[in-house]
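J.: Chains as they are written, first to last, in this note's numbering: chain A, 1 to 168; chain B, 169 to 336; chain C, 337 to 841; chain D, 842 to 1346.
There's no promise every hint is true.
[Claimed, not checked] Okay, derived cross-link-like pairs now, DSS-like style, lysine-lysine, Cα gap no bigger than 27 Å in a straight line: (1) D:Lys967 <-> C:Lys734; (2) B:Lys302 <-> B:Lys271; (3) C:Lys661 <-> D:Lys967; (4) D:Lys1166 <-> D:Lys967; (5) B:Lys285 <-> B:Lys268; (6) C:Lys503 <-> A:Lys134; (7) D:Lys1239 <-> B:Lys302; (8) D:Lys967 <-> D:Lys910; (9) B:Lys308 <-> D:Lys1008; (10) A:Lys100 <-> A:Lys143; (11) C:Lys341 <-> D:Lys1239.
[Unchecked claim] For each label pair, taking beta carbons as the anchor points, the in silico distance ranges come out as: (12) C:Asp461 <-> D:Pro1162: 47 to 57 Å; (13) C:Ala582 <-> A:Met1: 34 to 44 Å; (14) D:Asp1284 <-> C:Gly411: 14 to 24 Å; (15) C:Glu586 <-> D:Pro1162: 18 to 28 Å; (16) A:Leu114 <-> C:Glu586: 50 to 60 Å; (17) A:Arg53 <-> D:Glu1046: 37 to 47 Å; (18) D:Ala1087 <-> C:Ala770: 38 to 48 Å; (19) A:Arg53 <-> C:Asn757: 34 to 44 Å.
[Stated by the list, open to error] Far from chain C, by Cβ distances over 12 Å, these chain B residues were calculated: (20) Gly191; (21) Glu205; (22) Arg207; (23) Arg210; (24) Ser215; (25) Leu216; (26) Asp219; (27) Gly220; (28) Arg221; (29) Glu299; (30) Ala322.
Treat the hints as calculated values from the structure; they're not laboratory data. Where a beta carbon is used, it is the ideal one built from N, C-alpha and C, also for glycine.
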Amino acid sequence: MRIEIEMGGQLRKVQLEQAAENGVWRASVDGESVTAEARLLRPGVLSLIVDGRSYRIVLEESAAEEQVLFAGTERMAYRVEDPRSLRSRRTHGGGTDGPKTLKASMPGRVVRLLAAKGETVRAHQGIVVIEAMKMQNEVKSPKDGRVTEIHVGAGDTVTAGDVLAVIE
Amino acid sequence: MRIEIEMGGQLRKVQLEQAAENGVWRASVDGESVTAEARLLRPGVLSLIVDGRSYRIVLEESAAEEQVLFAGTERMAYRVEDPRSLRSRRTHGGGTDGPKTLKASMPGRVVRLLAAKGETVRAHQGIVVIEAMKMQNEVKSPKDGRVTEIHVGAGDTVTAGDVLAVIE
Amino acid sequence: MAFTKILIANRGEIALRVERACRELGIATVAVYSDADRAAPHVMEADEAYRLGPAPATESYLRGDLILKIARESGAQAIHPGYGFLSENADFALACEEAGIKFIGPTAQAMRALGSKTRARQAADKAGMPRTPGSTEALASLDEAYEVAEQIGYPVMLKAAAGGGGKGMRAITRREELASAFTSAQSEAERAFGSGEVYLEKLIERPRHIEIQVLADEHGHCISLGERECSVQRRHQKVIEEAPSAVVDEELRQRMGEAAVRLAQSAGYTNAGTVEFLLDDSGSFYFLEMNTRLQVEHPVTELVTGLDLVHLQIHIAEGEPLPLKQEDVQLRGHAIECRIYAEDPENGFFPSPGRITRLLQPGGPGIREDSGIYEGWVVPMDYDPMLSKLIAYAPTRKMVVARMLRALDEYVIGGIRSNLNLFRRILHDEDFRAARIDTGYLDRLLQRDSGTEGEASAEVKDAAIPAVLGAAIFETLRGDGAARTAGTASAGGWKLQARRGALRG
Amino acid sequence: MAFTKILIANRGEIALRVERACRELGIATVAVYSDADRAAPHVMEADEAYRLGPAPATESYLRGDLILKIARESGAQAIHPGYGFLSENADFALACEEAGIKFIGPTAQAMRALGSKTRARQAADKAGMPRTPGSTEALASLDEAYEVAEQIGYPVMLKAAAGGGGKGMRAITRREELASAFTSAQSEAERAFGSGEVYLEKLIERPRHIEIQVLADEHGHCISLGERECSVQRRHQKVIEEAPSAVVDEELRQRMGEAAVRLAQSAGYTNAGTVEFLLDDSGSFYFLEMNTRLQVEHPVTELVTGLDLVHLQIHIAEGEPLPLKQEDVQLRGHAIECRIYAEDPENGFFPSPGRITRLLQPGGPGIREDSGIYEGWVVPMDYDPMLSKLIAYAPTRKMVVARMLRALDEYVIGGIRSNLNLFRRILHDEDFRAARIDTGYLDRLLQRDSGTEGEASAEVKDAAIPAVLGAAIFETLRGDGAARTAGTASAGGWKLQARRGALRG
């Protein structure tokens, strides 16, 4: 199996093959051969031994395109570029041109709107104020443009990933 | 939904219905009405509130016919007699007549056989010795009879539920 | 009167911690919960549990009327308020008294006398206890503010009498800043606490925050249980606490302890309380305020004294005399506490509520965790973001820091962001390790470190290959769903089983 | 020499406990494992891990040759043997010495001098320390056995010099029993230990098992860390341990401690060790044997002294002098340990290996768990059935018993059987609570209780309706698989999601 994994800004090509023995995987990472001995202790928790060194790799469960794992204590985000994977077929973020959606980065309640539909805004200008856990956070415009859509109103409850507004 | 549950030697008839509200179940147990408020915290762990009293009900995962749960600290075995349930269609144990299978009650290694095929044995006579965790345990005949089949030999590894021998 | 049932008017780790104490004392527990907390551990672990209302605290945990009604109907003889919510609400304490239900804490009267910062400063004067120079009553006018400031000398601090959490607080270095600060602090205090009362005190530069735990019974006995060092703060919120303080010696501990006991006794204080001080460079200490309740950080005192403060709170409320005298208090070893929050230190400390999808918790020697979470728990957006308190104990400060780092390394919280890495950063910092800390320490560390975040540590590079391999293996298993379900015995067909069998061996 | 890397020649909770200590001291760890333990926590938590061989201990954890080879190749400077396996194997200690790898424990010589019970009895005589009356050398013949028995008077005890775990041990109340016991004990000892050497000692009736922890550095300093009470035993296996003992006062503690130190010093003992005594009704104590290693029950001593014995073991092995003197040892509070086993007390204590399908572990104030398991772990059938050690600390014995019961109530182990309920039974027993215990206590309790097992407790009746309801709800959810997977976000269609949503709220 071939997989491409983008992690820490680098695209790594991985070729992976399960050997006959229990839990042994023969792999090459960017052409370098590696033998790894793996055991899934419970869902999302992998004990990995590579050349005698022992690692705890913990997968953070996510339905999102970007996955997160902990290698020891290091939190690492990654994206799988496997052509067979459904998830990578979704359109990626794209450049700074074109319409941009403003998404909630965390669950919370909309406290107020700082811009109205049709208003011209600047990059980094606050658009929506969300409150969670007694703290208020401004969700800011990713670019200069115009607010073409607003999907929420004061008092609404939002969850992470909800589209709040569109800036064109 | 109607379910019959055998627990602690008693057969209880339960009628269960999920109310419109979140997590509220209206039930009758042997004709007595009960309203329960339930939340599954994670697989197998149920927080149950009945008349203001709070209970932790933990299901022990099992593929066997007999299920086990912990109500607080009490370990309770039960069997579901729901006619719709596949599991209850399996034949139950039966009486003391007819052939009886001798099963391993725990995983281990067969150390030695105490009876040979064809041998006449008495109830409670040791038939197979299994070792686990440095302890040896005799699996005993459930009845007077004759050993008609022996499925294991010294040195074999067995898991719980494996048939060791048949006594007729 | 020995209690047989106690209602815990709180949530999260502190509710569970009090329930555990009650169970140890053979006392039945009544939990209350909001709709956001139906699946919370404190609900399941209680003997009884009753719904209060919707998620917002004003409709649930702050509903003293409902809580009292539940206490009465369930037959609880006492209410433990925990910290936060109603714990320092004198009206609620009074309502409990009037309803014949024991409030586990001081009387409403003592709470009022020490709860307002200006009244507490007056009490400190009466008790002959050092406090920061400045006013002891609300400032009547800007002119009075100018007058007091000249008298004590700049820099000065404007504070709300009813304050807490840094609200209504302003540091003023020059005369010109006073007028606008006065107006804005007043209106901020008015909004936050319903009282615009502010006062002025001398600003102590680079102070340490040192507090003394006191316990007073209802028979006039009061003892102190040593100090806690709480200087590691972000925006006036404690982040790490320890006991003892590296800079408090036996003589200073005794003087601060005696001052704290004097203050408590002067106000007829009963039950557990904490007297907070600022300690300056020269070793002088100044009364700051009194917290008339159990503190979040009480476990570090428990570990170095070997006592259980909640047991003692309950005994005191039952009318028992203190089971020990001042000279019986033995301090031993060193303890440290990390407040684990659902927040993202790398992103402006944004709160991070949501589902905890993965949880690995530490254990073993010297580690205590007072937690209110589990794998699968959805951290509500409605309350304080504290998830858990990780507390370590060891013979020396050096070793307890090493032990806490070990425990942090074992800890994984997935699904939401947490401040675990912040603690690693602090505990590795040379200044922290040398105990060169003051209340501004953490803000300086955060500013200093923000410049160096681009560099990948050696550890990251080390883990890059296994991390990539792990991701690839998870992805391979994900294809057939095994990554998520391999731990249970129930899933799928034989092909999947075979593959998982190979992995699990 | 300061170690930078240590190999841990063990498995289970003790391997993890030593790894934690190493991490706290900044020392890298090398784990070894058998095929049954690839997924064990001690493998994942180590820095390095190497396979030893198949599951049987003789092919893995007892392979000293392989372990030394791995130590050399991985660059470990020292080996920590834990308890059991190679920990009391003088040949292995010697092989380490010869390979230039430090064995963290006493020298082979000291181990030999104190490891044989007869030689240890001779050492006790030399150190002027009370021991049970009887022989100090192997009995040469049955005639000699008769002679010694007459001399000390019946009842007597026949014991194997190389013994342990009750093997080769016979209690003899009358002369007529001696001959057959002599022959059978000899042959049992021969089979179990490869040495048929047996000796006779006076049988102490209803003794308590009290042991003294000692620590000796390589510079001639030796201290004792108080006693542990280990009288709650089943078939000579400890089940519950506590510190301090309810019947040992300061004067007796000092006398036993001094005797233990004398013995250790007379044999040039270094590192951690335990001197076991029997204590009779009259308060007289008799030397029983010395364990030349860290004990399973060391945590109770750690909790009452505030020290970390594994840290100290490592420092001693590094050649450091003891960091404290006898007068620095402060005992405070009370600690108790429960050895949680995979066994079924209701069914003849049959071992119960297999997969742990459900695991809820306790936490909070005063609770320490040294565990080697997790939910999903398959307890191998090849080793000791110990799963975990649950240890509690509180100011008093009464409170620590209540606290342990609270923690046991929080504990759930599903999928395999455990002895959790046995501890509940013991800790609720009036004799245990009054500390009326001796080494025969538990066997008497088990016999007594076997008659009353038919009665359902009030608690069971209380829980019957919720248990039936819970079963019915689980069954309803099982239909669509939700009971098993509701905690993860990945499963199934919208219908299932909706139902689960209702449940989880």
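J.: Report the numbers of all earlier hints that the structure fails to satisfy, in ascending order.
T.: Going through the list in order, the structure violates hints 1, 3, 7, 8, 13, 14, 17, 19, 20, 21, 22, 23, 24, 25, 26, 27 and 28 and respects the others.
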